[in-house]
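Peer 1: Sequence:
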Amino acid sequence: MTVIEFNDVTKTYGKRTVLDKMNFSIPQGVLTGIIGRNGVGKSTLMKIVAGHIQTSSGDAYVFSDNPFNSLKVSANSILVDDTMSYSDKLTLKDIFKEANRFYPNWDAPLAQRLFDYFGFHSNARHNDLSKGKKSTFNTIIGLASHCPLTIFDEPTTGMDTVVRKDF
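Going by full-length UniProt numbering, the first residue of the sequence shown is number 1, and it counts up by one from there.
Everything labelled a hint here was simulated from the structure, so no lab data went into it.
Some clues are possibly wrong.
[Stated by the list, open to error] If you anchor each label on the Cβ, the simulated ranges turn out as follows:
| # | residue 1 | residue 2 | range |
| --- | --- | --- | --- |
| 1 | 146 | 125 | 20 to 28 Å |
| 2 | 72 | 31 | 19 to 27 Å |
| 3 | 71 | 156 | 28 to 36 Å |
| 4 | 161 | 17 | 33 to 41 Å |
| 5 | 162 | 128 | 28 to 36 Å |
| 6 | 69 | 33 | 40 to 48 Å |
| 7 | 39 | 98 | 27 to 35 Å |
| 8 | 101 | 30 | 23 to 31 Å |
| 9 | 70 | 146 | 16 to 24 Å |
| 10 | 34 | 146 | 20 to 28 Å |
| 11 | 125 | 154 | 29 to 37 Å |
[Unchecked claim] The calculated DSSO-like cross-link candidates involving lysine-lysine, where the alpha carbons are at most 30 Å apart (straight line), are:
| # | residue 1 | residue 2 |
| --- | --- | --- |
| 12 | 131 | 89 |
| 13 | 165 | 134 |
| 14 | 89 | 134 |
| 15 | 131 | 21 |
| 16 | 165 | 131 |
| 17 | 133 | 97 |
| 18 | 131 | 93 |
| 19 | 165 | 97 |
| 20 | 42 | 72 |
Just so we're clear, the structure is a prediction, and the values are computed from it rather than from any experiment.
Where is the CB? At the ideal position from N, CA and C, for every residue including glycine.
Input sequences plus hints: build the corresponding full structure.
Peer 2: If you want it as structure tokens, here you go:
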């Protein structure tokens, strides 16, 4: 089964073309890395796959569905990056509760073990965390979601060396 398929996908920002008629497919169960210099479109590609942004032209499919605004894609995939944000009203524990409701394969024991291991406080709020702590928390969400498609875009940005080694 093909999980991700791009057919002539182009993405432009104004006059700048970031992805130009890209074609590829990734079958289920294949660990894939995307490598390239800064500014060549890696994050843009991942945001299209996760359904966060639309293509300018061409067809993108994730789980045989157009990923943009697809509940099927949202429930079965997660993009862990530095743009993850949550409502200021939610504590970190509230975010876990919401993730448990949304992700069908949510692993609450794993989330709790990592939460405790990295010294988070239940009543803390995501926006009040340092950049490194946000990255750590976001990575916990990504790992505990057990999504069929888990995408990491520089998840260790801002993490201390010791924390990076733990992951």
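Peer 1: Each hint should be assessed against the structure and marked as holding or not.
Peer 2: A quick look at each hint next to the structure:
Between residue 146 and residue 125 the Cβ separation comes to about 25 Å, which falls inside the hinted range of 20 to 28 Å. Between residue 72 and residue 31 the C-beta distance comes to about 22 Å, which sits within the given range of 19 to 27 Å. Under the hint 28 to 36 Å, the C-beta atoms of residue 71 and residue 156, about 30 Å apart, fit the expected range. Distance hint check for residue 161 and residue 17: the Cβ-Cβ separation is about 37 Å, which falls inside the suggested range of 33 to 41 Å.
Range check, residue 162 to residue 128: about 22 Å between beta-carbon atoms, so the 28 to 36 Å window is missed. A beta carbon spacing of about 27 Å between residue 69 and residue 33 contradicts the range 40 to 48 Å that was offered as a hint. Against the hinted window of 27 to 35 Å, the Cβ-Cβ separation of residue 39 and residue 98 comes to about 33 Å, which satisfies the hint. For the pair residue 101 and residue 30, the supplied restraint of 23 to 31 Å holds, since their beta-carbon distance comes to about 29 Å.
Checked against the hint of 16 to 24 Å, the C-beta distance between residue 70 and residue 146 comes to roughly 19 Å, which is consistent with it. In this structure the hint that residue 34 and residue 146 lie 20 to 28 Å apart at CB holds, the actual value being about 22 Å. Taken as a hint, the range 29 to 37 Å is violated for the pair residue 125 and residue 154, whose Cβ atoms sit roughly 23 Å apart. Distance hint between residue 131 and residue 89 is fulfilled; the C-alpha atoms sit about 19 Å from each other, no more than 30 Å.
Taking the CA atoms of residue 165 and residue 134, the gap is near 16 Å; set against the 30 Å cutoff, the hint holds. The hinted pair formed by residue 89 and residue 134 meets the criterion: a straight-line CA distance of about 16 Å does not exceed 30 Å. At most 30 Å may separate the alpha-carbon atoms for a hinted pair to count; residue 131 and residue 21 exceed this at roughly 35 Å. Restraint check for residue 165 and residue 131: the C-alpha separation of about 17 Å stays at or below 30 Å, so the hint holds.
Restraint check: the Cα-Cα separation between residue 133 and residue 97 comes to about 19 Å, which is no more than 30 Å; the hinted pair holds. Taking the CA atoms of residue 131 and residue 93, the gap is about 19 Å. The hint holds against a cut of 30 Å. Restraint check: the Cα-Cα separation between residue 165 and residue 97 comes to about 27 Å, which is no more than 30 Å; the hinted pair holds. With a C-alpha separation of about 23 Å, the suggested pairing of residue 42 with residue 72 holds against the 30 Å cut-off.
Consistency note: the structure conflicts with the earlier hints numbered 5, 6, 11 and 15.
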